[in-house]
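Chemist: From first to last, the protein sequence lines stand for chains A and B.
When the letters of the first sequence are read in order and numbered with the working numbering, they come out as residues 1 to 305.
When the letters of the second sequence are read in order and numbered with the working numbering, they come out as residues 1001 to 1305.
Don't read these hints as lab results, they were simulated from the structure.
By construction, the Cβ of each residue, glycine as well, lies at the ideal position given by its N, Cα and C atoms.
Errors might be hidden in some of the hints.
Here are a few chain A residues that face chain B, going by a calculated C-beta distance under 7 Å [what the hints assert, rightly or not]:
#, residue
1, Ala30
2, Leu31
3, Ala109
4, Cys112
5, His116
6, Val117
7, Leu145
8, Met146
9, Met168
10, Asp173
11, Gly242
Single-letter residue listing:
Number of protein chains: 2
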Amino acid sequence: MELVTTVGELRAKLDELANARSGKAAGRRALRGLVPTMGALHAGHRSLLERMCHECGVNVVSIFVNPRQFGPREDLGRYPRTLPADMALCEAAGVHIVFAPAMDEVYPAGYCTNVHVAGLTERWCGAARPGHFDGVTTVVAKLFLMCAPDRAYFGEKDYQQLVAVRRMARDLDIPVEIAACPTVREVDELALSSRNAYLSPAERAVAPRLYAGLAGMQERFADGITSVRELVAAGEEIISGGSEAGPEGPAFRMEYLAVVDPSTLEPRETALAGDRALVAAYLGSTRLIDNVALGTEPNKVRGKC
Amino acid sequence: MELVTTVGELRAKLDELANARSGKAAGRRALRGLVPTMGALHAGHRSLLERMCHECGVNVVSIFVNPRQFGPREDLGRYPRTLPADMALCEAAGVHIVFAPAMDEVYPAGYCTNVHVAGLTERWCGAARPGHFDGVTTVVAKLFLMCAPDRAYFGEKDYQQLVAVRRMARDLDIPVEIAACPTVREVDELALSSRNAYLSPAERAVAPRLYAGLAGMQERFADGITSVRELVAAGEEIISGGSEAGPEGPAFRMEYLAVVDPSTLEPRETALAGDRALVAAYLGSTRLIDNVALGTEPNKVRGKC
């Protein structure tokens, strides 16, 4: 595995690997994979890396904490940076290249271009985090163009990001396939996130209710309830702790809980199989998100909230 | 030469040509060139095509009248469309592929992505034509990603477009070299433009004054005048016809006349060699633009205004 920090080195190394691979496979070009990350890699990222290394012959992970996707009051400064551990995880998964560029390699002096996906990115997390998705789609477009992957892997955990990146790549004719990978969860079904590290023990204890609320919506949809108003009310009751909620424990502050078209992210009034239930909520100062598909079985919650 | 209309056909044909070329040249990959156009090709475009065909081994011209770069009151409907003549001109120059996609090949249903170059595109033509440069940088990014050229050719005539496209390609890490080609002029130095066809005979007769004004600024700069206020006043006097202007002939309505930094397009107060003098003005309902570099010799005006 090699660590490269400039676009020039990255492209040179990719050419070298492509030539080596095509020699071996009698002219058949090895698929090139990319997992774009902000580092602080966890088992969720590991599942993306492992799938990439299983499917592709040339495997790249980018690690770049992208300031343009953080709002002015967000956690850019305290976002976890764990490069040595990230490198070890990449090496173990079979990654060939870790690309960890410095800020001015990605945004040199005079930089002034923005990639905006209209509509899709203006609601849900986009409404709460203005500019966030512009930061994401711009840096991901750049990473695609620096690395030229055949396939790039994104977790379903950041569902709106996945949809926006897929739309951006399609709209700009970037010849890359976007592979969506299922959310990886803790034993109590809390979705893995680098931001879970911010939770206090008491917050961590109630955090799995977020998934439990979504799972409750899946169950009610399976029982034949399609009114989004009813589904959302049921989810909210579970997430708030319902009748069990005591005044002593931490409580979620809901940002949104919605059922949406899985491609356009437009809100539904009547849910259809395949629709996505999306949630964002704060525990203290930590913002958590999660989502599930309606019409599929919820995971059995293995721990308890 | 082949006419293709879909991105799939374009990429297949490019692969085919690349394989054929690399076979011939013992593994050395032929440079791929692109000239993006809106058709209505004239001798200005021909100079781009000829340079491309001289420098590159695989030569593509795109022809697409891009609605996103026209304002709601602009001339999209009456913009000239001359595909058979354009094809003949491409064939004669040695072009291999003409790519003329339909609207929904470029902007399929659900399309919603925009590429914006901030700062650069907000002044001069951008101020008069809001959204115009977003339309340009977005479609050119798409054409670059559809065609993957090593080198793309743009005329200096549309100077702000050239600078914006170069910035966009650099900022998004698109591995393409932007080649700038000198403005081609009529015998009386009017810059060639598809829009010159809109001019009445009387308007056409005074149109060369636009270049004469810029040439006057070059001469004064060569004489040691660096005050932009003085240079602009001299240019404006020439363009308005000065003391010769009679009440009977058509008159220019100036939109802007400025001296700018050639990379950032920021206005200067004191001109430096290499700065660009830019002008936009209307003759009747026809908007004309032109520009020159200060510190270079003006063309000898071969006709007269």
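Chemist: Given Gly242 of chain A as an interface hint, is its Cβ closer than 7 Å to any Cβ of chain B?
Modeler: Nearest chain B Cβ about 39 Å off; hint violated.
Chemist: Tell me if the interface restraint on Leu145 of chain A is satisfied: Cβ within less than 7 Å of some Cβ in chain B.
Modeler: holds, 4 Å
Chemist: Given a cut of 7 Å on the nearest C-beta pair, is the interface hint for Leu31 of chain A held or broken against chain B?
Modeler: Since the shortest Cβ distance to chain B is 16 Å, the answer is violated.
Chemist: Can we keep the Met146 of chain A interface hint, with Cβ of chain B closer than 7 Å?
Modeler: The hint holds - Met146 of chain A has a Cβ within 7 Å of chain B, the shortest such distance being about 5 Å.
Chemist: Please verify that hint: Met168 of chain A, Cβ, nearest Cβ of chain B, below 7 Å or not.
Modeler: holds, 5 Å
Chemist: Report holds or violated for the interface hint on Cys112 of chain A, using the least CB-CB distance to chain B and a cut-off of 7 Å.
Modeler: With a closest approach of 4 Å, the Cys112 of chain A hint holds.
Chemist: Against chain B, with CB atoms and a cut of 7 Å, does the hint on Asp173 of chain A hold up?
Modeler: holds, 4 Å
Chemist: With 7 Å as the cut and Cβ atoms as the points, is Ala109 of chain A at the interface with chain B?
Modeler: Where the cut-off is 7 Å and the nearest Cβ of chain B is about 11 Å from Ala109 of chain A, the hint is violated.
Chemist: For the restraint on Ala30 of chain A, tell me whether the closest CB of chain B is nearer than 7 Å.
Modeler: Violated, about 17 Å.
Chemist: Interface hint check: Val117 of chain A, Cβ to nearest Cβ on chain B, cutoff 7 Å. Holds or violated?
Modeler: Constraint on Val117 of chain A satisfied, holds at 5 Å.
Chemist: May I ask you to test the interface hint for His116 of chain A with respect to chain B, counting a Cβ-Cβ separation under 7 Å as satisfied?
Modeler: Holds: closest Cβ of chain B sits about 5 Å from His116 of chain A, inside 7 Å.
The earlier numbered hints that this structure contradicts are 1, 2, 3 and 11.
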